[in-house]
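Asker: Chain residues, written in single-letter form:
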Amino acid sequence: MGLRILLIDEDAARVTALREGLADSGYETVGVASLTDDLVAKVRDLAPDLIIVDMESPSRDTLEDMRRITADRPRPIVMFVDQSEDNVTAEAMRMGVSAYVIDGLNPGRVKPIIDVAVARFAEHQKLRAELDQAKMDLADRKAIERAKGALMKSRGLTEDQAYRLMQKLAMDQNQRLVDVARTVMALAQVLKPER
Amino acid sequence: MLVQIGFDSLETRSVTLGFIPLLDCAPLIVARDKGFFRKHGLDVMLLREPSWASLRDRVALGVLDGAHMLQAMPLAATAGLGGLKVPMLSACVLNLGSNGITVSTELWDQICAVDAKAANDTLATTSALAAIVAERRKAAAPPLTFAATFPYSSHNYELRLWLAAGGLDPDRDVRLVVVPPQQMLTYLTAGRIDGYCVGAPWNSLAAVQGVGRVVATKGDLWENGPEKVFGVTRAWAERHPNTHRALLRALIEACVWLDDARNHGEASALLALPGIVNAPAALIEALLAGRLFVEFDAPPRIEPDFIVFHRYAANFPWRSQSLWTLDAMRRAGQIGPKIDCLSLASQVVAPEIYRAAAAELGLSAPTIDDKTEVTHAVSWTLNQATRPIAMAPDRLLGGRIFDPSKFDNDAPVTPTFMQEPS
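Protein sequence lines, in the order shown, are assigned to chains H and L.
The numbering of the first sequence is our numbering, which starts it at 979 and goes up by one.
The numbering of the second sequence is our numbering, which starts it at 4 and goes up by one.
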């Protein structure tokens, strides 16, 4: 029997890509939820076996509570990482994918689905980065490269992590990526050890 | 000119910390923007997190070095409740107070129709609510739904305490759900929930928008009870003892600064920004000063200790307070008798690290790890401290006392706090 999958993601393009990817691998997506939906009702009505959720979604806190629900559901929902010891799920979380499953579901059935999700998230990330790249002019790109280098050096991050950190700061502060990069460079100058 | 003495001992000067957009993330924002981190040799990057689950996971995975946390979070993570089982610890409380319970204006009208005294009496409100629940059951109406922000949160436990005060069983008589803070107003307006417990500014915001009535503050439930903590993993703390203490010194200094009324205007301007709390600065300034909006178009309620950042030994990580929270977790059915609460609390709170940081700042700190919670009806003085510390009332709704020395891990618990002999 196929597993019923619910996706929670605000990024419409990524949802489409993920849905297609899952369908290609023979998995059925029974629903998509966004922040404005009544998530508790949706989970009750759709009864998914597995929920793939963007790490950035505030809805995660609602899902964390469903392990406790007994009146609405016969079995609680748990974070997939509870069930599996290996680093794969931790790696998935670093890629921005978190997963919740019906308690007791065999981890072997879930992992291939998470692999598909991680692959699609990574692809989407790359596409978005390329699109951003194309939009930027040369000077901006240089500033961002330099800030990325500074972050990699000072914080021991990989190139991708440094880029994502700046993207997140830009989103949080409603700034353009290049403005964040300039701030990072300015701070790096100020905070340089005076020796 | 930066004072550089001692910076060489820092294991790292670059630190990344997470926070959730709530008023009580203020110590982190102020420590960064007013230069307290820099003063202690630290280059701190702050990241706003979309959910408590994400914040917890990123600390557990080492993406964040530490964070603004719910007091129950390091306890839950250490016990392996939800998510990765990662030992965490907290050596510093960031604030007292600042939570509240809001109900929809419809439910408020019903409560007032049952008992007009509800407007200024918390126990009258909860009794009236119990009467409404009983009526609904008789009419076979669906149960009322209340929301908290996270399963392992003071908001969940305070909501349960409030419901139980009126004689309701939080697990049987109402439906409890979790809704992210930013979504609370939307849910309330859409009628998906009838009320919620959340941190500032999301209660007063509902009042000023006319969609809800604030029926209780944390002060009504547990006067000057601890709220957020600064949490790190045990592994990080062991590898970075000096950086950890430098962070605590900066945060404590930010808390002292925040308690000074002259700084409330500046603090509210920093916190109001879209990337931080994203709420009107005037509202934040009023809350910092203890002026709470509880009802649409009504004068604010004055509660000087609505949010406390440093006074009353606020930053000290009392083990007895973590034990109280573990007791609340037992009552909520989140932990069973297999978990030894006293040993778990002792692993998670780190009072000795706080004392070292306070001593480095020349501030007084308690010399005991536990105190009898919720016993003081008036201001009092803590003499078991390096210098006596002025303390505030700490009553619990319904007047129950929590004596950590009498804590019995094996005693059966009920979901309520009220009906047992103390």
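Since the hints were made in silico from the structure, they are not lab data.
Note that CB positions come from ideal geometry on N, CA and C, so glycine has one too.
Check before you lean on any hint, since a few could be wrong.
DEER-style ranges, computed between Cβ atoms [what the hints assert, rightly or not]:
1. 1145/H x 409/L: 50 to 58 Å
2. 1024/H x 238/L: 36 to 44 Å
3. 1115/H x 389/L: 30 to 38 Å
4. 371/L x 1054/H: 52 to 60 Å
5. 284/L x 1115/H: 55 to 63 Å
6. 146/L x 1003/H: 36 to 44 Å
7. 1109/H x 9/L: 30 to 38 Å
8. 299/L x 1002/H: 51 to 59 Å
9. 64/L x 1113/H: 44 to 52 Å
10. 1113/H x 142/L: 35 to 43 Å
11. 138/L x 1109/H: 56 to 64 Å
12. 980/H x 409/L: 50 to 58 Å
13. 122/L x 1008/H: 46 to 54 Å
14. 1086/H x 15/L: 52 to 60 Å
A few chain H residues facing chain L, derived, Cβ under 10 Å [to be verified]:
15. 1014
16. 1042
17. 1120
18. 1150
19. 1154
20. 1156
A few chain L residues that don't get close to chain H, going by computed Cβ distances all over 10 Å [as the list claims (entries may be wrong)]:
21. 46
22. 60
23. 64
24. 81
25. 359
Asker: All hints are to be evaluated individually against the structure, with a verdict given for each.
Answerer: Here is what the structure says about each hint:
no. : hint                       : result
1   : 1145/H x 409/L: 50 to 58 Å : holds, 52 Å
2   : 1024/H x 238/L: 36 to 44 Å : holds, 39 Å
3   : 1115/H x 389/L: 30 to 38 Å : violated, 59 Å
4   : 371/L x 1054/H: 52 to 60 Å : violated, 40 Å
5   : 284/L x 1115/H: 55 to 63 Å : violated, 35 Å
6   : 146/L x 1003/H: 36 to 44 Å : holds, 41 Å
7   : 1109/H x 9/L: 30 to 38 Å   : violated, 47 Å
8   : 299/L x 1002/H: 51 to 59 Å : holds, 53 Å
9   : 64/L x 1113/H: 44 to 52 Å  : violated, 31 Å
10  : 1113/H x 142/L: 35 to 43 Å : violated, 59 Å
11  : 138/L x 1109/H: 56 to 64 Å : holds, 57 Å
12  : 980/H x 409/L: 50 to 58 Å  : holds, 55 Å
13  : 122/L x 1008/H: 46 to 54 Å : holds, 47 Å
14  : 1086/H x 15/L: 52 to 60 Å  : violated, 40 Å
15  : 1014                       : holds, 7 Å
16  : 1042                       : holds, 5 Å
17  : 1120                       : violated, 22 Å
18  : 1150                       : holds, 4 Å
19  : 1154                       : violated, 13 Å
20  : 1156                       : violated, 17 Å
21  : 46                         : violated, 5 Å
22  : 60                         : violated, 6 Å
23  : 64                         : violated, 6 Å
24  : 81                         : holds, 15 Å
25  : 359                        : holds, 25 Å
Of the numbered hints stated above, those contradicted by the structure are hints 3, 4, 5, 7, 9, 10, 14, 17, 19, 20, 21, 22 and 23, listed in ascending order.
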